[in-house]
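Construct all of the structure, not just a fragment, from the sequences and the given hints.
The number in my numbering is simply the position in the sequence shown, starting from 1, with 11 added.
Simulated from the structure, these hints should not be mistaken for lab results.
Values in this document were obtained by computation on a predicted structure and should not be read as measured data.
There may be inaccurate statements among the hints.
[What the hints assert, rightly or not] Label-pair ranges, simulated between beta-carbon atoms:
no., residue 1, residue 2, range
1, Pro244, Tyr192, 25 to 33 Å
2, Glu31, Ala176, 17 to 25 Å
3, Arg199, Glu31, 37 to 45 Å
From the three backbone atoms N, C-alpha and C, an ideal C-beta is built for every residue, glycine too.
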Amino acid sequence: MTTEPIRSMTVLPARREDVELHTADGLTLVGELALPATREPAATLVTLHPLPTHGGFMDSHVFRKAAWRLPALADLAVLRFNTRGTSSPRGTSEGAFDGGDAERFDVGAAVDYVEFNDLPHPWLVGWSFGTELALKHGADPAVEGAVLLSPPLHRATDADLDAWAAFGRPLVVLVPEHDDYLRPDEARRRFARVPQAEVIPVDGGKHLWVGEGQVRRVLDEIVRHVNPACPVPLPTEYDPDGGDR
Numbered sequence: 012m013t014t015e016p017i018r019s020m021t022v023l024p025a026r027r028e029d030v031e032l033h034t035a036d037g038l039t040l041v042g043e044l045a046l047p048a049t050r051e052p053a054a055t056l057v058t059l060h061p062l063p064t065h066g067g068f069m070d071s072h073v074f075r076k077a078a079w080r081l082p083a084l085a086d087l088a089v090l091r092f093n094t095r096g097t098s099s100p101r102g103t104s105e106g107a108f109d110g111g112d113a114e115r116f117d118v119g120a121a122v123d124y125v126e127f128n129d130l131p132h133p134w135l136v137g138w139s140f141g142t143e144l145a146l147k148h149g150a151d152p153a154v155e156g157a158v159l160l161s162p163p164l165h166r167a168t169d170a171d172l173d174a175w176a177a178f179g180r181p182l183v184v185l186v187p188e189h190d191d192y193l194r195p196d197e198a199r200r201r202f203a204r205v206p207q208a209e210v211i212p213v214d215g216g217k218h219l220w221v222g223e224g225q226v227r228r229v230l231d232e233i234v235r236h237v238n239p240a241c242p243v244p245l246p247t248e249y250d251p252d253g254g255d256r
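Now the structure itself:
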């Protein structure tokens, strides 16, 4: 068997399809669903991208790489989409950026899509602005938990944290050592009001998770919590002739 390294631009086998989400306030959002190539998914990631007014969209690199790798390496379904008013090569979602308020309908539409299509064990995965959406609008009974990457806790308040504490579902919080907004010590203090929150400091990490080492750490932690039956760390090589894992 000849293997090749998984590099930044490696795209592993998956069933990929363009999707549309329909919000309760009448908008159509564009997205993509990636599924394992030959098996049913063990769990589902509903990704919530960084701030669109600062370049965040469904193709933000950690989520793009999650969609390229995790269906094959970890049997995960990965749903990515552009929140209202956000553009990417996939297209532009209808509506206009609303600072995290009307985006509650976008989160709801994504969860509805997962439920309607019988995708299993959905977890929200928010990054930066997306963590605010998860905390403010993600406490849906269908959601099994949330993973927060670089949470700034700008828009999400203590009241939102208290609401998630009452919700009772797992909350996994990855905090870069050198984050621009919220660093590990302060994150531990802020998230202490959520008893089920697990704050994981990432040595050497920065807000944007630049570099393969940081991306792999993030993806390993996501898989460790969302599909604990899958061994981590994830492989760093693949068999180009081997199809799905």
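Each hint tested on the structure:
1. In this structure the supplied range 25 to 33 Å holds for Pro244 paired with Tyr192, their Cβ-Cβ distance being about 27 Å.
2. A beta carbon spacing of about 34 Å between Glu31 and Ala176 contradicts the range 17 to 25 Å that was offered as a hint.
3. Range check, Arg199 to Glu31: about 40 Å between beta-carbon atoms, so the 37 to 45 Å window is met.
Of the hints listed earlier, the one the structure fails to meet is number 2.
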